[in-house]
Amino acid sequence: MLTFGEFVFDAGARLLTRHGEAVHLTAKTVDLLALLSSKRPDAVAKKEIHEALWPDTFVSDVSLTTLVFELRTALGESARTPRFVRTVHGFGYAFQIDSADLPGETPFRLVYDGREIALIRGENLIGRSRDCALRLDSTRVSRHHARITVESDAALIEDCGSRNGTWVRGQKTHGRVRLEDGDDIGIAGIRVLFRILSATHGTAATVTS
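Each residue of the sequence shown is one higher than the last, beginning at 2 in this note's numbering.
Just so you know, the hints here were simulated from the structure itself, not pulled from any lab data.
Straight-line distance between alpha carbons at most 27 angstroms, and here's what the computed DSSO-like set of lysine-lysine pairs gives:
no.: 1; residue 1: K29; residue 2: K40
no.: 2; residue 1: K47; residue 2: K29
no.: 3; residue 1: K29; residue 2: K48
Derived Cβ-Cβ restraints for the label pairs, each shown as a range:
no.: 4; residue 1: R179; residue 2: R41; range: 33 to 43 angstroms
no.: 5; residue 1: G171; residue 2: F92; range: 52 to 62 angstroms
no.: 6; residue 1: A80; residue 2: R179; range: 36 to 46 angstroms
no.: 7; residue 1: K48; residue 2: R170; range: 54 to 64 angstroms
no.: 8; residue 1: A80; residue 2: L16; range: 17 to 27 angstroms
no.: 9; residue 1: A119; residue 2: R170; range: 14 to 24 angstroms
no.: 10; residue 1: R87; residue 2: K29; range: 15 to 25 angstroms
no.: 11; residue 1: D138; residue 2: K40; range: 32 to 42 angstroms
no.: 12; residue 1: Q97; residue 2: G171; range: 40 to 50 angstroms
no.: 13; residue 1: A119; residue 2: K29; range: 28 to 38 angstroms
no.: 14; residue 1: H175; residue 2: E49; range: 46 to 56 angstroms
no.: 15; residue 1: R170; residue 2: G13; range: 34 to 44 angstroms
no.: 16; residue 1: D99; residue 2: A14; range: 19 to 29 angstroms
For glycine and all other residues, C-beta sits at the position ideal for the given N, C-alpha and C.
Produce the entire structure from the sequences given, and follow the hints as far as they go.
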């Protein structure tokens with residue numbers, strides 16, 4: 002599974018999501034994304050792309066150009082301002098991920114069922130879906146139940162329109178709520194603990210009253 006910016010690409014499931022929501026791609030566009038991302042950061046020649054996507058079939062470069070356009074549109078970019086798909090003139094294309102778009106480690110953690118889940122910069126989903134940072138196997142939990150967004154030095158949680166709501170410190174959330182170390186998060190009756198690692202010791206900071 003590849004995480005870049007607000008996107009997550011599961012090549013095995015042939016699924017691209019943005020902020021947890023599926024992005025529609027044609028089968029060939031998925032093939033192109035899978036090929037380019039698997040070769041990163043190396044550029045892939047047009048000939049190799051043609052052979053991989055259209056074996057034993059002649060297609061013009063127009064077909065590939067159209068496919069690249071579709072992929073860039075899905076990723077919210079253009080040829081003039083490429084963010085992930087770079088044109089290598091006279092050769093082919095390359096998939097690039099800037100360091101700012103890589104999921105960096107943060108001091109924020111979720112503790113559940115004896116496990117500690119590290120949160121990354123950007124979006125972290127909680128729910129039943131396989132693309133969630135924390136998966137909870139309960140029919141009371143929605144596929145995408147809650148979202149924790151890590152921005153700078155803060156972690157903000159919000160409900161994703163779930164049936165049973167999201168609770169913090171015993172209160173049902175309405176909009177985004179800033180999480181504090183030691184907060185109890187309630188997900189459809191399931192308790193999840195939020196912790197912040199100590200910068201000095203690298204362990205969860207102790208909660209004091």
